[in-house]
Amino acid sequence: MDTVPPQLSAGPRPAPGPAADEGLARRLRALACTAPLHDLDARKANLAGEYSVYGMAEVALAAIDLVTLNMDFDTGADHEQIVSRLIPRIAAQAPQRPTAEHERVARWVLENLINVGSVDRGFRAVYGTFAPDGSYVRRDYDFKLIEEVPGYGGAVYLRTTDEAVNVLVGALDTDVTSAQIAAEVKLEVLINRGRLADAQLAAEQARYRTVQYSETLRRALEATRRNVRAVDWLNAVPDMIAEALDHVADRYRHENAILTNIRRARDESEDPEHKRRAAELVDIVKDCIRRHTQLQSRLLEAGPLFRAEQDRQAFAAPAARAGLDLYGQLVAPVLPLPLEQALRVTDAYFARGTGLRTPVSVRVADLVDILLTPPMEREHLGAEMPEPDLIATPDDSRFSEEQLASAMELLDLPSDAPRRLSGLLAEARRRDPDLPYLVALLAVHAASPPVGTAYRQGEQKLLFAVDDGTELDDPEFGGADLIVGTALLDAAGMAADRTEAA
Amino acid sequence: MTDDHADGTAWGEPDPVAAPAGAKAAVTPADAADAARLVAFGLQPKLGPARDQEYAELLRRYRDDPPFARLADAVAAGLGLVVLEVSPRAGMAVTAAEDSVFAVRMGDYARRASADAGDRFLHGLAHLAVAAMAFPRPEDLADDAYIGRVTVNGVDAFVRQACRRLEERAAEQGENTDPASDAPGLEAAWRIWARRSATGATKDARRLAGSTTGIVGKAVAFLTDSGFLQRTGDDSGGTYRTTARYQLQVRDMAGGAAMAELLELGIVPVSDGTASLLPPEDSDDLELVADAGLPFHS
Chain A
1 MDTVPPQLSA GPRPAPGPAA DEGLARRLRA LACTAPLHDL DARKANLAGE YSVYGMAEVA
61 LAAIDLVTLN MDFDTGADHE QIVSRLIPRI AAQAPQRPTA EHERVARWVL ENLINVGSVD
121 RGFRAVYGTF APDGSYVRRD YDFKLIEEVP GYGGAVYLRT TDEAVNVLVG ALDTDVTSAQ
181 IAAEVKLEVL INRGRLADAQ LAAEQARYRT VQYSETLRRA LEATRRNVRA VDWLNAVPDM
241 IAEALDHVAD RYRHENAILT NIRRARDESE DPEHKRRAAE LVDIVKDCIR RHTQLQSRLL
301 EAGPLFRAEQ DRQAFAAPAA RAGLDLYGQL VAPVLPLPLE QALRVTDAYF ARGTGLRTPV
361 SVRVADLVDI LLTPPMEREH LGAEMPEPDL IATPDDSRFS EEQLASAMEL LDLPSDAPRR
421 LSGLLAEARR RDPDLPYLVA LLAVHAASPP VGTAYRQGEQ KLLFAVDDGT ELDDPEFGGA
481 DLIVGTALLD AAGMAADRTE AA
Chain B
1 MTDDHADGTA WGEPDPVAAP AGAKAAVTPA DAADAARLVA FGLQPKLGPA RDQEYAELLR
61 RYRDDPPFAR LADAVAAGLG LVVLEVSPRA GMAVTAAEDS VFAVRMGDYA RRASADAGDR
121 FLHGLAHLAV AAMAFPRPED LADDAYIGRV TVNGVDAFVR QACRRLEERA AEQGENTDPA
181 SDAPGLEAAW RIWARRSATG ATKDARRLAG STTGIVGKAV AFLTDSGFLQ RTGDDSGGTY
241 RTTARYQLQV RDMAGGAAMA ELLELGIVPV SDGTASLLPP EDSDDLELVA DAGLPFHS
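In the order they appear, the protein sequences are chains A and B. All residue numbers for the first sequence refer to full-length UniProt numbering, where the first residue is 1 and numbers rise by one. All residue numbers for the second sequence refer to full-length UniProt numbering, where the first residue is 1 and numbers rise by one.
Worth double-checking, as some hints may not be accurate.
[What the hints assert, rightly or not] Per label pair, the in silico range of CB-to-CB distance:
| hint | chain 1 | residue 1 | chain 2 | residue 2 | range |
| --- | --- | --- | --- | --- | --- |
| 1 | A | 38 | B | 164 | 25 to 31 Å |
| 2 | B | 80 | A | 385 | 53 to 59 Å |
| 3 | A | 294 | B | 100 | 53 to 59 Å |
| 4 | A | 300 | B | 173 | 42 to 48 Å |
| 5 | A | 128 | B | 202 | 34 to 40 Å |
| 6 | A | 24 | B | 46 | 56 to 62 Å |
| 7 | B | 54 | A | 361 | 20 to 26 Å |
Bear in mind the hints are in silico, worked out from the structure with no lab data behind them. Small disclaimer: the values here were computed from a predicted structure and weren't measured. Even for Gly, the Cβ is constructed at its ideal location relative to N, Cα and C.
One chain only, chain A, in its complex shape (with noise of 0.2 Å):
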């Protein structure tokens, strides 16, 4: 007899089984993608100069917050976005150094968290399980933490993959649906109970929730559209798109309701912290519904394509002979194959896929020529320029760039004492004659201030006018005597919120 009887004197089995190793399995890939993080760290003393001041962790932490939550439906977040609005932190943390220094540090943790130097650009992490049948197996766990995928026009953008949002998140293996349903319930208790402290940060991260489910139905979307026959249009894409339609439905109901309460927080609040960080978290459960009305769209907008691909495939006339289907018999059997198995598949179909190549041979003759062939000159200028021929056009403004100073001078108003459009008009009079109708022109513009311009540009004070009812008592100009002032702007209030909505 050859074959080995049991061996009873082996001693008790090392592991409890695959099934109590599958979660250590899986803890062990969730640490592991905490590492790379760590490694930031730790590597910074490698770098030429002295680093030691950065929290590396932390920038990377950052770099993945923004990333996610400037993940479009579409694209992903910019790149050259992404670094500047890392720099701030990283300002922050060593603010006697330069700026270039900062940007360094930012594009080092970016390109380290996409791992720019592997082929694969992503990471690898060694860990141990034991088989079932009881023999220990080390196997390789490949993740990514930033993706960089390709976006319109050829452009690369970068999106955080599942693992780095659950990472970040810190809900390790969990439930899209549910764990976004839990984190919003959370954040109405806290609300009722007034603790907004903790609800902007189950706001924040029923965010990300938020973010991650719209990626999974993106996802599940784009296969749909590629080809009809790869879904069961009958049944299970209409019930997903029905789910979708009444999760988003949902959701905006509920969000809803939780904006009205905290804009009810927002403005009972007597505290101004209180008032302020109900303010906050207005916008991110607006951002929210955001998010979900352009799911809502791209969820509308399934059905017509469909029925658009349907009326193409469907309705032709059959062909006479039936073909191979090259997913279905080819694609489809080899990609779960092992390599090995499936080298040979595609090795056979590339030999006779690609078709043919003419050899190229040289002639010594003609070779001789090519190496002795001295380069072409290439032109660095190109052709010259014609000298343009200029002619000055006459001047037909109606006010000249004094009087406009001298106007401007005059509406120079403080912002505690504005004054009547009346006595402004007389004083215009004595320093011109011409100058009344430029301040009447400028008040009367006041009287509706471009508060959005101001706003983007970050202005510093706005010119304003109000008529109360006064009559205007002038000999040149009639209607009303405007009040006119000036209005201060909290430009870095503005400005601040400007990078929060964008």
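Chain A is already provided as a structure; the job is to place chain B on it using the hints.
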């Protein structure tokens, strides 16, 4: 007799009368030169018969003059070429036989591929996926009038989606697909594609050659040079449409060869894997399998 013969050729009835006449007449060097010239046209796959009068003339002669056709076939065979079709739409569609000097070798195609089995697989799969995307349904591959359209990003996304399905299925079944560290050859093929990044930023704004879109981009550019695809635009990483030659090549050469290899591995396609992807039109698939002569009964 001679009158009959003259009438026959004048009216363009080749078979019954002209063939014996041609067999009697010896092949002249000029005929051989013309036959070789036709094969030479076939070796320029981007050249269409519509754009060259001499090419169109030789194609007409191939159709109307069987001895000349046999001569041209013999020239092609002697050069190590396989004639796929000779027609006004495809021209003299020839392709390289195995071990011919005209055959494309993976080592020349991509240098890294000869050293790294994973890269070799990715390049091969990219070509297979481009064909699968260009002819998504069996009817499309069979229909001579069908023109397929592919985009680089589309091909990558489609393979990724297939990989994702396999990943999800493995996760559902609780399988651990992470490969053993000491046996990379046993890693599931889909994981290699899924693991490779889709794109990447480079210093000179070109596509990252090692990324999957870079690999697909190389494949479509190569197929364009082979006269199999025509570039139509720059959207989604480049859009292309197929030519008649590509359909012939995939249908008559590559598809069958890959299928044979797959069958040799003991895998009979159309299994539960396919059903998950083509659910409603099961009847079509069964018919197709019967016609293809596969040993398959559900």
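Each hint tested on the structure:
no. : hint                      : verdict
1   : A:38 x B:164: 25 to 31 Å  : 29 Å, holds
2   : B:80 x A:385: 53 to 59 Å  : 58 Å, holds
3   : A:294 x B:100: 53 to 59 Å : 55 Å, holds
4   : A:300 x B:173: 42 to 48 Å : 35 Å, violated
5   : A:128 x B:202: 34 to 40 Å : 37 Å, holds
6   : A:24 x B:46: 56 to 62 Å   : 58 Å, holds
7   : B:54 x A:361: 20 to 26 Å  : 24 Å, holds
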